[in-house]
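Engineer: Could you build all of it, start to finish, from the sequences and the hints given here?
Counted the way this note's numbering counts, the sequence shown spans residues 1041 to 1658.
Do not rely on the hints blindly, as some may be mistaken.
As the list claims (entries may be wrong) - Pairs of lysine-lysine residues, derived as PhoX-like cross-links and limited to a Cα-Cα distance of at most 25 Å, are as follows: (1) LYS1559 with LYS1548; (2) LYS1548 with LYS1572; (3) LYS1123 with LYS1109; (4) LYS1580 with LYS1119; (5) LYS1455 with LYS1559; (6) LYS1183 with LYS1395; (7) LYS1610 with LYS1594; (8) LYS1503 with LYS1521.
Please keep in mind that the hints were generated in silico from the structure rather than gathered at the bench.
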Amino acid sequence: MKTYDIIVIGAGHAGCEAALAGARMGLETAIFTMSLESIGQMSCNPAIGGLAKSHLVKEIDALGGEMAKITDKAGIQFKVLNKSKGPAVWATRVQADRVLYRKFMREALEAQAGLDIKQEEVRSILAEDGKIRGIETAENSYKCKALIIATGTFLNGLIHIGLENFPAGRAGEPPSVELSQSLRELGLKIGRLKTGTPPRLAKDSIDFSQMTIQESDMPPPPMSMFTDEIKNTLLPCHITYTNEDTHKIILGSLERSPLYSGLIKGIGPRYCPSIEDKVVRFRDKVRHQIFLEPEGIDSDEIYANGISTSLPKDVQIKLVRSIAGLESSEIKKFGYAIEYDFVYPTQFKPSLETKHIEGLYLAGQINGTSGYEEAGAQGLMAGINASLKIKGPEALILQRHEAYIGVLIDDLVTKGTNEPYRMFTSRAEYRLLLRQDNADLRLMEKGYNIGLIGECAFERFLKKRDMIEKETKRLKSIRVKPDEINPILKEREGSEIQENASLYQLLKRPELRYEDIEKVSSTNGGLFPDAKTQVEIQVKYEGYISRQIEAAEKFKKIEERKIPMNFIYKGIPGLSTEIVEKLEDIRPLNLGQAGRIPGVTPAAISLLMVAIERQRRS
1041 MKTYDIIVIG AGHAGCEAAL AGARMGLETA IFTMSLESIG QMSCNPAIGG
1091 LAKSHLVKEI DALGGEMAKI TDKAGIQFKV LNKSKGPAVW ATRVQADRVL
1141 YRKFMREALE AQAGLDIKQE EVRSILAEDG KIRGIETAEN SYKCKALIIA
1191 TGTFLNGLIH IGLENFPAGR AGEPPSVELS QSLRELGLKI GRLKTGTPPR
1241 LAKDSIDFSQ MTIQESDMPP PPMSMFTDEI KNTLLPCHIT YTNEDTHKII
1291 LGSLERSPLY SGLIKGIGPR YCPSIEDKVV RFRDKVRHQI FLEPEGIDSD
1341 EIYANGISTS LPKDVQIKLV RSIAGLESSE IKKFGYAIEY DFVYPTQFKP
1391 SLETKHIEGL YLAGQINGTS GYEEAGAQGL MAGINASLKI KGPEALILQR
1441 HEAYIGVLID DLVTKGTNEP YRMFTSRAEY RLLLRQDNAD LRLMEKGYNI
1491 GLIGECAFER FLKKRDMIEK ETKRLKSIRV KPDEINPILK EREGSEIQEN
1541 ASLYQLLKRP ELRYEDIEKV SSTNGGLFPD AKTQVEIQVK YEGYISRQIE
1591 AAEKFKKIEE RKIPMNFIYK GIPGLSTEIV EKLEDIRPLN LGQAGRIPGV
1641 TPAAISLLMV AIERQRRS
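Structural biologist: Structure (structure tokens):
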């Protein structure tokens, strides 16, 4: 029976990040998968990033994770979304070559010292006296100090196509049934969720001339801050739409839909519904967008993003061929819905360790989330915190004002979810502070302190931070005359100045960019391009940023009011039985988290504050 420090079950996006983090932090780690060929598999659309999701990927990158680096290696289209809006909602989205992504991720795992990769099905979890002891597979038993479960949709997975269904973790791969039962036997509360995928179409059967083309941004913007330049082969995407005929076909086939016939019991993603769900819920909408994404450079498959469906195969053919440009298209793989078991995340600590089984961590879709990015973020944090627990230091808990990862995990463990959770910028109260462009300034020092960021990368980061500080001071100290800047202002259709003004004041003006400032006063300091971007954003949005920093400081004070782990809620005068039950169930770490529990009122927090102070004094 071999012993590891950390064992990771599942080699999807959560599992890969968890395993790499553990090994890179010096722990003997093993990752278990049912198929070596599925390591890093992009089960759904072949893309990383997008609105709010790129924030997570760049935070993974800043902490020392792998997802952004692999994305840049495998990327075939790179775009920054929302560029016309403020920097808080800028988002990088990268189409990836599905085969290359899997290849590069597997290579990263295989090259990592201290990490074993094993193709074995895990059957059960070994625990004793409330602590993790190891696992049993079909062939062997293994001991470990910490166990991370990142099984995605494989727990009791059931695929639906029309009124037919069959067990599977995803198309062509068996589900994990015994492991789900093992989790129940440990006392974890388990629910049922659903997600889906659209049909894949043969590229040469599509008439792209009827569609809107979407090319990559040039030069391609990298996802990772460690990527200097993208030299990959780039491919376009295309946009088309459903129409009235499509909707009639769908509405006329609902009795054959597992979603509407009652076969599917799991709750699906509200923000990424199936096409039949969209047509039923939004009957006044005459069309829905379909984003055709290439699966890879050498692939002849096109992912039809926007028409996820579990309708029967004959209906899928009809609805696809009713769409402009797809009249003669051939379906290579049919869409399907998949139901799977998940563990209610309010049973976890903010470290993603379960409250009742010490050393057991869960990450990814098993926690009720959707998306590669949400999974990768949880996997990284589970790997970090499992390693820190073994080494002895306190867990790394990112706060809501520090990272989108902090928002994600706090939402899960405090509020829970009964539908697949997806990250949005609107979920973050401090989104102007949590931009994708400043992830390194927020988190890289933490990544360095735990050992996931190397010396060279950290030295460059310190140099960049110093550049930003010095350049901001320089802009405040240098003043220019009207005749130096007015020609540029006139060219930018801005109002001219009558008196001398500092470069700092000028850069605040919306019509001027940093390169305009450089024309009248060159830095001669060789600023990094990303340092210039930071200077411009920080100067232009100084007022808004200052207000959010002030709000974050108030938030921080509330978060610092700790609640003892063994605190007794029962018997506090004025607290209802319902609120006491919720507080005992969640066991919040501080008053801030307690206040975010659904149903816990501000009045209850005041009573709790008094009770904590009374206990402290006694």
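Engineer: Are the hints correct? Go through all of them and say.
Structural biologist: These are the hints, each one checked on the structure:
1. Distance check on the hinted pair: LYS1559 and LYS1548 sit about 16 Å apart at the alpha-carbon level, within 25 Å; holds.
2. As the CA atoms of LYS1548 and LYS1572 are separated by approximately 14 Å, the hinted pair is consistent with the 25 Å bound.
3. For the hint linking LYS1123 to LYS1109, the alpha-carbon distance of about 22 Å falls within 25 Å, and the restraint holds.
4. For the suggested pair LYS1580 and LYS1119, the alpha carbons sit about 23 Å apart, so the restraint of at most 25 Å is met.
5. A threshold of 25 Å between alpha carbons decides the hint, and for LYS1455 with LYS1559 the separation of about 51 Å lies outside it, so the pair is violated.
6. Taking the CA atoms of LYS1183 and LYS1395, the gap is about 21 Å. The hint holds against a cut of 25 Å.
7. With a C-alpha separation of about 29 Å, the suggested pair LYS1610 and LYS1594 falls outside the 25 Å cut-off, and the hint is violated.
8. This hinted pair does not check out: LYS1503 and LYS1521 have alpha carbons roughly 31 Å apart, beyond 25 Å.
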